[in-house]
Structure formats: C-alpha cells, structure tokens
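There are 4 protein chains.
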Amino acid sequence: MGLIRFESDYTEGAFPGILERLIATNNEQTPGYGEDAHCKNAAGHIRRYCGAADADVHFLVGGTQTNLTVIGALLKPHQGVISAHSGHIATHETGAVEATGHKVLILDSPDGKITGAQTDAFCQAHYSDANHEHVTQPGMVYISHPTENGDVYTKSELSRLREACDKWGLYLYMDGARLGYGLAASGYARVSDKELVSVPGREPAERLTLPDIAALCDVFYIGGTKNGLLFGEALVINNPALRPDFRFHAKQRGGLLAKGFLLGIQFRALLEGGLYFDLARRANEMATLLTGGLKKAGVAFLVETETNQVFLYVDEERLKLLEEKILFERWAGECEKGTPIRFVTSWQTTVEEIEAVLGLFDI
Amino acid sequence: MGLIRFESDYTEGAFPGILERLIATNNEQTPGYGEDAHCKNAAGHIRRYCGAADADVHFLVGGTQTNLTVIGALLKPHQGVISAHSGHIATHETGAVEATGHKVLILDSPDGKITGAQTDAFCQAHYSDANHEHVTQPGMVYISHPTENGDVYTKSELSRLREACDKWGLYLYMDGARLGYGLAASGYARVSDKELVSVPGREPAERLTLPDIAALCDVFYIGGTKNGLLFGEALVINNPALRPDFRFHAKQRGGLLAKGFLLGIQFRALLEGGLYFDLARRANEMATLLTGGLKKAGVAFLVETETNQVFLYVDEERLKLLEEKILFERWAGECEKGTPIRFVTSWQTTVEEIEAVLGLFDI
Amino acid sequence: MGLIRFESDYTEGAFPGILERLIATNNEQTPGYGEDAHCKNAAGHIRRYCGAADADVHFLVGGTQTNLTVIGALLKPHQGVISAHSGHIATHETGAVEATGHKVLILDSPDGKITGAQTDAFCQAHYSDANHEHVTQPGMVYISHPTENGDVYTKSELSRLREACDKWGLYLYMDGARLGYGLAASGYARVSDKELVSVPGREPAERLTLPDIAALCDVFYIGGTKNGLLFGEALVINNPALRPDFRFHAKQRGGLLAKGFLLGIQFRALLEGGLYFDLARRANEMATLLTGGLKKAGVAFLVETETNQVFLYVDEERLKLLEEKILFERWAGECEKGTPIRFVTSWQTTVEEIEAVLGLFDI
Amino acid sequence: MGLIRFESDYTEGAFPGILERLIATNNEQTPGYGEDAHCKNAAGHIRRYCGAADADVHFLVGGTQTNLTVIGALLKPHQGVISAHSGHIATHETGAVEATGHKVLILDSPDGKITGAQTDAFCQAHYSDANHEHVTQPGMVYISHPTENGDVYTKSELSRLREACDKWGLYLYMDGARLGYGLAASGYARVSDKELVSVPGREPAERLTLPDIAALCDVFYIGGTKNGLLFGEALVINNPALRPDFRFHAKQRGGLLAKGFLLGIQFRALLEGGLYFDLARRANEMATLLTGGLKKAGVAFLVETETNQVFLYVDEERLKLLEEKILFERWAGECEKGTPIRFVTSWQTTVEEIEAVLGLFDI
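Protein chains in written order, with the working numbering: chain A, 175 to 537; chain B, 175 to 537; chain C, 175 to 537; chain D, 175 to 537.
Hints are computed from structural coordinates only; laboratory data are not their basis. Incorrect hints may appear among the rest.
Each pair may be met inside one copy or between any two copies, as identical chains are not told apart.
Stated by the list, open to error - DSSO-like cross-link-like pairs, simulated, lysine-lysine; straight-line CA separation at most 27 Å:
1) K469 to K250
2) K499 to K329
3) K214 to K499
4) K214 to K511
5) K341 to K469
6) K511 to K494
7) K329 to K214
8) K329 to K250
9) K250 to K499
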C-alpha cells in the first residue's frame with residue numbers, strides 16, 4: 175500500500191459507473207451548451223428529489239465558478255454577500271466575488287454557520303446607521319452545508335435563517351460542494367429510503383432534506399466533483415424571480431461548457447439510481463468508523479464528525495509518523511491539544527485504509 | 175444513417191484513445207489544481223512542439239473562460255483589446271471581456287484577420303488625438319487562427335502584426351480554439367513530418383508553425399475541446415513578463431479545475447504521439463474532399479476552404495432538402511448567391527458522410 | 175482682444191449670479207452629501223419644470239460620472255447599452271461604461287441619433303438569433319439631446335423610440351450635458367414663456383419640452399457644467415422602479431459630493447428664475463447669428479445649426495488664419511469641402527466676438 | 175447663536191480667500207481637464223512642499239473617488255489592499271474598492287493604524303500558505319493620516335511600515351483627507367516655519383513632515399475639501415512606475431473634472447502662502463483648547479486629541495443637554511464610561527463656540 179490519500183475528496187477520477195456512462199455515450203452527437211436530452215433528464219431527477227417541479231437546473235463545471243456566477247448575477251452593484259469568516263468565498267477563491275464587484279460581508283462564526291439571529295443583528299445595525307448609504311448593503315446570505323468545518327445545519331436553524339432573510343430582503347444561497355455528505359449526515363439518504371441512520375443528538379424532525387433545502391433557499395447547488403463525478407455542479411434556482419437569463423450569466427463568466435452534455439450524462443448516471451446518496455453515505459460511514467477508532471485511542475477532535483471530514487489534534491511525534499504514511503492537510507488552530515489536521519474520506523476509501531490509519535494510532 | 179451532424183466540432187465526446195487514458199488513470203490519486211505529473215508531462219510536450227523551453231503552460235476548461243482570464247489578467251484597467259468585428263470575444267461571449275472591465279476595440283475585417291497595417295493606422299489615430307486620454311487605450315491585439323471565417327494567417331502576416339504590436343506596446347494574443355486545423359491548413363503536421371500537404375497559393379515559407387506562433391505571440395492557446403478532447407484548452411505564456419501569478423487569475427475567474435489532472439491526462443494523450451495534428455489533418459482532409467465535390471457541382475463559396483469549415487451558398491430548394499438530412503448552421507450574409515451555410519467536419523467525419531452530403535447536391 | 179475661445183462651453187467659470195449665490199451662502203453650516211435645504215429646493219424646481227411631481231432628483235458633479243453611475247446601476251450584468259457610434263459613452267469616456275462591466279452596443283448613425291426603427295431592428299435580430307444567450311443582451315438605450323453633432327430629437331422621434339424601448343424591455347436614458355441648448359433649439363424656453371422662437375422646418379407640435387422628456391425617458395440629466403454653473407449635473411429618475419437606493423450607487427462610484435450643498439445652491443440659483451433657459455437661448459442666438467453670417471459668406475456646414483454648436487468646413491488658408499485668432503476644435507471628416515471645424519458659443523459669447531469671427535471670413 | 179456645528183469639517187463653504195480667488199479668475203477662459211496654468215502652478219507648490227521635484231500631481235474632486243481610482247489603477251486583478259478594520263475604504267465607501275474588483279484585506283487595529291510588524295506577519299502567513307494562490311494576494315497597504323480615530327503616525331512608524339512594504343512588494347498609499355491636521359499635529363507647519371508646536375510625548379525627530387510622507391509613500395493625497403476648499407484633493411504620485419497614464423484612469427472613473435482649473439485655482443490659493451497649514455493649525459488649536467477645558471471638567475476621552483477631532487464620553491443627561499445646542503456625531507463603542515461622541519473643529523471654529531460648549535460642561 176502506497177501513501178493513503180486523505181487530503182481531499184477530489185484526488186481521484188470518477189466512480190466507475192460514471193465513466194462507463196461517458197464511454198457508452200461517447201459516439202452520440204449531441205447539441206452543445208447543455209441543451210441536450212441528458213441534461214434535461216438529469217434536471218428532471220433533481221426536480222423530483224427536491225420536490226420542486228418548477229425549479230430551473232443548470233450544470234456548471236466547478237464550485238468557484240458557480241459561486242461567482244450566482245453571486246455576480248443576483249446582487250445589485252451596491253450590495254454585498256454575508257458569509258462566515260471561514261466561508262469558501264471569503265477565504266479560498268482569490269477574491270472571485272470581489273472581482274465581480276461585490277464585497278463579502280464577514281460575520282464571525284465558530285462553527286462556520288450563519289444564524290438567523292446573527293443576520294438580524296447585522297441588518298438591524300446596518301439599517302439603523304444614519305449613514306448606511308455609505309456602507310455596502312447586505313443583499314444575500316451565503317452558507318455552506320456542511321460548513322468548511324464539517325458542521326451541518328438543522329432544519330430549524332435553516333428555517334430561522336430563512337425568516338431573517340425574508341425580513342431583510344436577502345437571498346439565501348447554499349454552496350453545496352459537499353452537499354451529499356451534509357444530507358447523509360442528517361440521516362437522509364434517498365426518497366425511497368425507509369431506514370434512516372440515527373445521528374446522536376439530532377431529532378429526526380431536525381433532519382435537513384433536499385426538499386427542505388429547495389424550499390428554504392433561493393438558490394443552491396448539488397456538488398458532483400467531490401462526490402463521484404469527474405467534475406460538475408448542479409445549480410438549482412427555485413426563486414422564480416431569479417430564473418430568467420441565467421444562461422447569459424453563465425456564458426459571460428465562462429461557465430457554459432461547450433460540451434455541456436458531459437455534465438448531463440454524468441449527473442444522470444449519478445442520480446437516476448440514487449448513487450449520489452449512496453456514495454456520500456459510504457464516505458460518511460468510513461469517517462464514522464475512523465472517528466470511532468480514534469475516540470477509543472483517546473484522540474481529541476476539533477468538532478464532532480458528522481460528514482466525511484474528520485478534524486483531530488495530534489502531537490508532534492504522531493504527526494511525523496502520520497506524514498510518512500498518509501497524505502492529509504494541516505488545519506489552522508494549533509493549541510495545547512496539539513496540531514489540528516483533517517482526514518477526508520470518499521467513496522473510494524476502504525475499511526483496510528481506515529484500519530491502516532488506526533494502526534498508526536496504536537489501535 | 176440518421177441526421178449527419180455538420181453543426182460544429184464539439185458535438186461528440188472524445189477521441190476513443192483519450193477516453194481510454196482517462197479510464198486507465200481513473201484510480202490514481204493525484205494532487206489537485208493542475209499540480210500533478212500528467213500536467214507536467216503534457217506541458218513538456220507543448221514546450222517541445224513550440225520550441226519554447228521556458229514557456230509557462232496552463233490547462234483550462236473552455237475558450238471563453240480562457241479568453242476572459244487572459245485578457246482580464248494582462249490589460250491595465252484603462253486599456254482595451256483590439257479585435258476583428260467578427261472576433262469571438264466581440265460577438266459570442268455575452269460581453270465576457272467587458273465584464274472584466276475592458277472595452278473590445280472593433281476593427282472591420284472582411285476575412286476576420288487583423289493586419290499590422292490596420293493596427294498601425296488605428297494606434298496612430300489614437301495617439302495623435304489630442305484627447306486620447308478620453309479614449310480607451312489599446313493594450314492588446316486579439317486574433318484567432320483560423321479566424322471565425324476559417325481564414326488562416328501566413329507567417330509574414332503574423333510577423334508584420336507582431337511588428338505593429340512591438341511599435342505600439344501591444345500584447346499579441348491568439349485564440350486557438352481551432353488551432354490544430356489552422357496548423358494543418360498551413361501544411362504543418364508534426365515535428366517529425368516530412369511530407370507536407372501543399373496548399374494552393376501558399377508558399378511553403380509562409381506556413382505558420384507552432385514555433386512561429388510561440389515566437390510571435392505573447393500568449394496563445396492550443397484548443398482541445400474542438401479537436402479530440404472531452405474538454406480542455408492549453409494556454410501557452412511565452413512573454414516572461416506575463417508568467418508570474420497566472421494561477422491566481424485562473425482561480426479568481428473560476429478557471430482552476432479542482433481535478434486539474436483530467437486536463438493533464440487528456441492533453442498528454444493527445445500530444446505524445448502527435449495525435450493532435452493527425453486528428454486535425456484528418457478533419458481538414460474531409461473538408462477538402464467535401465469542397466472538391468461541391469466545386470464540381472458548381473456551388474459558390476464564401477471563402478476558400480483551408481481548414482475544417484466549409485462555407486457555401488445554397489438556394490432555397492437545396493436548403494430545404496439539406497435540412498431534412500443534415501444538421502448545420504446558417505451563416506450571416508444572405509445575397510443573390512443564396513443563403514450562406516457552414517459545414518464543420520471533425521475527426522469523426524467519414525467518407526460515407528461526405529458522399530451522402532454530395533449526393534444531396536446531385537453528384 | 176486676445177484669442178477668442180470657441181473651443182467649448184466649459185472654458186470659463188460660472189455665470190456671475192451663480193458665484194454670487196455661493197458667496198452669499200458660504201458661511202452657512204449645512205448637512206453633507208446633498209441632504210440639505212438647497213438641494214431640496216432645487217429638486218422642487220426641477221420637478222415643477224418637468225411636470226414630474228414624484229421624480230427623484232440627484233445632483234452629481236460631472237457627466238462621465240453620471241453616465242457610468244446610472245448605466246452601472248440600472249443594467250444587469252449580462253446587459254449592454256445601445257449607443258450611437260458617436261455617443262459620448264462610446265468614444266470619449268475612456269471605457270468608463272465597460273469598467274462597470276457593461277458592453278456598449280454600437281449602432282451607426284449619421285446624425286448621432288438612435289431611432290425607434292433602428293432599435294426595433296437591432297433587438298429583432300438579437301432575439302431571433304438562436305444563440306442569443308451568447309450575445310450581450312440589450313438593456314438600455316443611451317441618447318444625447320442634442321447629439322454630439324448638435325442634432326436635436328423631435329417629439330415624435332423620441333415617442334417612437336420610447337415605443338421601441340417598451341416593446342423590447344429597454345430603459346431609455348438621455349444624456350443632457352447640453353440639454354438647455356437642446357430645449358432652446360426646439361423653441362422651448364421656460365414654463366411661463368408665451369413667445370417661442372420658431373425653428374425653420376419644425377412644427378411647433380414637434381418641440382421637445384422638459385415635460386415630454388420626463389414623460390418619455392426613464393432617466394435623464396440636466397447639465398449645468400456647460401450652461402452657467404461651476405460644475406454640476408442634475409439627474410432625474412422618473413421610473414419608480416429605478417428610484418430606490420440610487421444614493422448607494424452614487425457613493426460607491428465616488429459621485430456623492432461631501433459638500434453636496436454646493437450643487438444644490440448652484441442649481442437653485444440657476445433654476446429659480448429660469449436662468450438656465452435664458453443662458454442657453456442666449457448662446458443659441460449667438461450661434462444662429464454666427465451661422466447666418468457664415469452662410470452669407472458661402473461657407474459649407476456639416477449639419478444645420480440648431481443649438482450652440484456650429485460645424486463648418488474651411489479650406490487650408492482660412493484654417494491658418496482662424497488658428498491665429500480663435501481657439502476651436504477640428505472635427506473628424508475631412509473631405510473635398512474642406513477641413514471640418516467646430517465653434518461653440520456660450521452665455522459669455524458677445525456680439526463683438528461673433529463679428530470679429532465673421533471678419534475673418536471677409537464679411 | 176444657533177446650533178453649533180461640530181459634526182464635521184465639511185459643513186461650510188470655503189475659506190473666504192479661496193472664494194475670492196474663484197471670483198477673481200471667473201472670467202478667464204481656460205483649457206479644460208486640468209491642463210491649465212493654475213493647476214501647473216499649484217502642482218509646483220506641492221512638489222516644493224514635498225521636496226519631490228519629479229512627483230506627478232493630479233487634482234480630483236473627492237476622497238472616495240480618489241481612493242477608488244488610485245486603488246483600481248495600481249492593483250493587479252488578483253490583488254487586494256490591506257486596511258485597518260476602521261479604514262474609510264473598509265467601512266464608509268459603499269464597497270467602492272470592491273466595485274473596482276479588489277478585496278479589502280482587513281487587519282484589526284485599535285488605533286486605526288497599520289504597523290510594519292502587522293504587515294510582515296500578514297504577508298508571512300499569506301506566502302507560507304501552500305494554497306496561497308487561492309487567496310487574494312496583498313498588493314498595497316492603505317493608511318490614513320490621521321486615522322479615522324484621529325491618531326497620527328510617527329516618522330519611525332511610517333518608516334517601519336515602508337520597510338515591510340518593500341519586503342513584500344506592496345505599494346504604500348496614504349489617504350490624506352485630513353492630512354493638514356495630521357501634519358499640524360506633529361508640529362509641522364510650513365517649510366519656513368521655525369517655531370514648532372511641541373506635542374506632549376513626541377520627540378521632534380518623530381514628527382512626520384510632508385517630505386517624509388512623499389519619500390515614504392508611493393502615492394498619497396493632500397485633502398482640501400476638509401481644510402478650506404469648496405472641494406478638491408491633490409494626489410501626489412511619487413513612485414515613477416506609477417506615474418504614466420493616471421489621467422486615463424481618472425477619466426475612466428469619472429474623476430477628470432471638465433473645469434479642472436477650478437481645482438488648480440483653489441489649491442494655488444490654498445498653498446501659495448501656506449494657508450493650508452495655517453487653517454489646519456488653527457483648527458487643531460481649537461480642538462486643543464476644547465480638550466483642555468474638558469479635561470478640567472473631568473471628561474473621559476476615547477483617544478488623546480492630536481488633531482481637530484475630539485472623541486469623548488458623555489452620560490445620558492449631558493448627551494441630551496448637548497443635543498439641544500450642538501450638532502455632533504455619536505461614535506461606536508458605548509461602555510460604562512458613557513456614550514462616545516465626536517466634536518470636529520475647523521478653520522471656522524471660534525473661541526466663543528469653544529467657550530459655549532465648555533459652558534455646557536459646567537466650566
């Protein structure tokens with residue numbers, strides 16, 4: 175066994191079934207720019223899973239591209255987008271949102287979530303400032319589910335945030351780069367699923383499902399790149415006011431793929447049998463298995479593991495040992511508990527790999 | 175035989191060998207964002223073909239994305255980019271360049287080319303205007319090879335344009351979405367090729383080769399999407415002043431693919447045996463075959479066929495007949511010669527398809 | 175008498191009465207950013223002259239600033255603004271509109287006007303293009319009254335253009351840098367004026383008045399810099415949908431003057447007794463006087479003089495003679511009739527200056 | 175005596191001598207756009223005061239416009255500007271910098287200053303991040319002198335910051351909206367001044383003079399709007415690499431005033447006899463007088479008064495009393511010491527006004 179890669183969930187190609195579908199359809203001649211039967215079919219699956227019969231679905235290549243296109247399209251020039259300080263648009267997109275002309279309005283957040291109360295307080299302060307015309311107007315809330323720290327929103331948290339958005343005239347946009355893992359974390363698997371995994375400390379009523387998300391967010395995307403596809407993100411626009419002309423925006427930002435059918439083919443294969451949910455659940459289970467073992471070894475964690483990301487502290491000696499065998503990322507926040515690191519599982523992670531890792535913790 | 179697709183060269187998947195390589199490498203775990211061995215290897219091939227040992231090579235997903243990233247990165251805020259009125263950035267990118275803040279400075283051009291003399295005259299007029307500080311400053315010339323009309327630059331034309339760019343302090347950027355067809359049009363096939371196809375009316379010394387292009391342009395790209403790949407464009411930055419920090423720009427515009435290795439794998443397969451040149455030559459040959467047949471049938475052409483695009487006039491009756499059997503695009507410029515239409519061939523075009531089309535012209 | 179300045183209408187300070195008002199109010203202490211009593215009062219005059227009781231009025235410093243702020247605020251990211259090829263935003267603002275992210279969509283126009291029929295044809299072509307999502311969407315028509323060539327719109331021309339804008343969902347924006355001269359050209363002076371100057375070849379019903387403009391345009395501005403003020407343009411937003419939040423946009427673009435009261439004081443003085451119309455009419459009369467004399471001398475004109483700009487052809491010998499005594503601009507369009515030049519009159523132009531100029535034409 | 179206005183230093187017109195100069199020159203006919211003799215003369219004064227014989231000087235209308243034009247012109251697209259969290263560009267310009275495409279990189283700062291050590295630490299962290307290409311690159315440090323809190327930089331502080339900027343390839347830009355007050359705070363008055371006011375706790379060698387600022391900053395501006403002018407800011411570009419083409423940028427952002435001579439006339443009058451420094455010193459003296467009186471009354475201050483801004487705490491009762499007689503701003507930071515408020519003096523503030531205010535504090 176070479177180095178075990180726990181760096182991220184985008185270090186390998188596609189789930190084999192996806193690639194097989196690309197091979198099977200390779201000789202078809204298909205209209206360009208996403209106006210083909212595969213895209214239509216995949217969009218139909220998404221509308222069905224979301225319980226959103228009228229939603230518009232667009233397929234884009236990557237997450238930063240999706241974020242900048244959506245935010246640039248929806249905000250008015252004098253508006254900014256509220257984000258947690260750790261939000262992807264705030265930290266890891268080289269100022270992509272600002273390059274479209276909009277300020278990212280940063281709120282501190284220990285778990286990477288934006289709450290309704292926080293949004294209320296921020297907007298209250300903005301509008302009660304006599305000089306608020308000299309300050310960027312909040313126009314949207316950007317959240318990730320799960321957050322950059324692997325935390326997940328509950329249904330009541332998201333409902334409360336929606337309430338705040340309605341009160342202050344804000345769009346609610348969810349970055350779903352790892353949405354599958356967030357859905358699986360809440361125990362939701364697929365429409366027909368009867369048995370739901372019980373998450374400790376969460377009431378079943380608090381599970382956030384795809385229909386909940388579709389009902390509560392104006393716009394969100396279902397990330398494929400990090401969950402089984404070669405590449406691809408499916409954007410769902412539920413707010414009718416935001417649907418017209420999105421293809422113009424996508425083209426303008428370089429996001430309208432010439433061979434758009436490649437996205438349709440992949441998403442169709444990913445969705446039609448619920449593979450999307452299966453792959454995410456599988457990765458989450460591996461992370462749970464890993465976490466369970468580490469707990470036995472007395473390891474300290476930055477946050478409770480809920481999805482496919484495990485955040486833990488290690489001491490210097492262990493760090494060196496791990497670095498010889500595993501590829502992973504160091505995280506910010508060194509403290510007396512040790513150096514924080516992140517392990518990310520994927521559909522490809524095996525029980526053998528988990529056991530090998532646990533072996534390095536003397537288990 | 176169903177409808178024959180002569181609409182464009184991006185209506186099918188990839189050349190089988192490309193797909194096979196993606197399958198063969200699918201289980202590899204690879205660093206993200208283009209910092210992997212496949213990208214390095216493919217970049218090496220490109221430097222070798224270009225005779226440009228120091229050039230920077232970056233892999234991007236699509237043409238509009240490449241254009242907007244390069245132009246946005248290189249120009250200063252008060253500068254604009256010179257383009258033929260028919261240039262892709264001027265007509266078919268939904269204002270992507272303007273969205274980065276830059277004006278497209280339009281020059282009329284019957285064949286879609288920008289000449290050195292035209293550039294001299296434009297800049298002369300700009301700088302001799304007493305109020306030129308009130309006018310967008312030209313900062314770059316954008317050209318396509320071949321042009322939107324299928325015309326190709328000769329070596330002396332491009333050299334003369336370079337001279338004008340040097341005189342006026344302009345970058346020269348070549349959009350190579352269909353570069354392979356342009357290279358094959360000039361009779362250039364691959365480095366080791368001894369027999370060059372003779373192009374009527376062109377001196378061998380006028381052939382524009384990849385090393386010529388690399389030497390004469392500051393930046394250009396080698397298009398893969400329209401010549402055998404699932405997707406991908408390889409950007410070559412030859413001017414040393416423009417090399418630093420390009421990855422920042424790509425990330426900011428949403429162009430840094432998470433699984434960048436997919437681009438490296440594909441370009442490696444496309445380049446290592448000269449497949450890129452073979453596929454383009456094959457498509458050009460099909461277009462030449464088609465053109466020859468149509469000439470016998472007395473058809474009138476908009477421009478001489480030099481690459482994989484055939485532009486011809488048809489009358490109303492023929493148009494209806496063709497529309498029943500073939501998918502193709504109507505072109506602008508209806509006149510007494512008839513309705514202009516475009517047939518595009520690709521590596522997938524067969525002699526049988528050409529014969530079937532010619533049959534519709536009573537040949 | 176030194177050199178006579180016929181270069182432009184912004185080469186001197188303010189009409190004395192304006193300056194006196196600034197002196198008289200200098201010691202007042204006044205709230206900043208245009209929220210003072212002078213601005214309110216001036217806005218009231220404008221609403222009354224326009225017959226637009228609900229219009230929003232904002233005071234800005236200059237024309238380019240006003241144009242870029244309005245166009246940047248109103249268009250959606252994928253939209254562009256239609257302009258005549260000679261429009262100020264297309265030629266003399268260093269790409270200010272493009273710097274806000276929007277393409278200027280150029281229509282050829284011999285007289286600098288955009289017609290309704292032209293707009294219909296352009297939009298018809300745009301929306302009938304199967305690939306129109308790849309093309310900048312027209313979102314606004316930008317016109318100047320008078321145009322850069324000194325031409326004026328008639329009431330029926332502007333009504334017809336409004337019709338086209340309604341049909342295609344376009345905003346209509348009028349740049350009124352020299353609006354006073356345009357209004358005076360149509361014989362309109364002030365609300366209480368009974369005697370209107372008759373313009374040859376124009377029916378009285380064709381006179382375009384301020385209430386007409388307010389009723390037909392979504393947004394327009396009343397230029398002060400070129401008609402009596404030190405500086406200042408008054409923007410009138412009549413379309414209710416466009417009124418909210420404009421002050422945010424102005425602040426963001428650097429257009430919200432700290433001492434905004436300076437604009438209010440000046441416009442109040444300019445408007446309350448109809449001075450604005452008197453100054454423009456005076457300048458137009460001087461241009462008419464000059465034109466009449468030149469006609470007697472057999473001079474050829476580029477366009478009929480209707481406002482304070484006189485466009486004429488002169489031969490080489492006359493040109494040299496004039497350049498010794500007068501400051502003026504050469505214009506584009508050299509031909510067998512001679513070199514085109516422009517004389518601009520203002521409220522400061524005297525009959526003696528006109529006579530001195532005519533003397534150089536041997537009259 | 176009506177309400178005493180201590181709201182800000184831009185609530186009245188101009189110092190009478192400035193207005194007189196505008197009257198005296200009103201009938202001159204002058205070239206537009208700042209290319210006149212007054213601007214040249216005023217620029218000469220500035221170069222002389224700065225000891226910067228080669229610096230470029232440009233005159234702009236307002237502070238936000240100056241900031242957005244400079245920052246937009248100097249940064250590359252992937253770069254951001256470092257600012258204190260309380261910096262004007264970060265808080266009170268409605269996202270003007272972001273609208274030019276650049277992120278404002280916020281550093282916390284209790285006194286509104288950015289230190290060299292802080293800059294080193296921030297850049298060190300940026301460049302040691304393996305993924306720094308996914309993060310906005312720092313390209314400039316923006317500071318204000320005095321800061322938003324009325325603090326001033328010492329010579330060694332600014333020298334140390336320059337050192338950090340040199341180390342990390344950053345431009346240093348100083349917003350001088352209230353520069354005069356900052357210069358006077360350090361005891362610097364004018365070139366010929368022999369007696370310098372001694373500031374408690376500051377060594378003479380620590381005084382920051384105009385030549386120091388010109389030598390240490392790449393670009394800065396000398397604010398006129400808040401120190402005697404109707405309006406106007408004088409931008410000084412000392413770094414030779416940044417001088418070319420600035421007028422293009424100014425025009426593009428709407429900052430090239432048609433009657434630019436109005437700025438030249440005002441600055442000439444403000445500078446030629448050192449009036450600029452006298453007015454600022456006068457205002458600072460009034461603030462010092464006010465502070466001295468308030469100290470006797472046992473009032474608590476947010477920061478030591480060094481310029482024309484006095485930040486103090488008041489209790490509820492006093493607040494009500496003051497609000498009946500004085501116009502002033504509430505400041506952020508309510509605490510057990512009371513409600514923070516700000517009094518701003520100007521050249522127009524009289525000893526009688528100071529005494530009247532102190533009377534409200536029972537002195």
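Which of the listed hints are broken here? 1, 2, 4, 5, 7, 8 and 9
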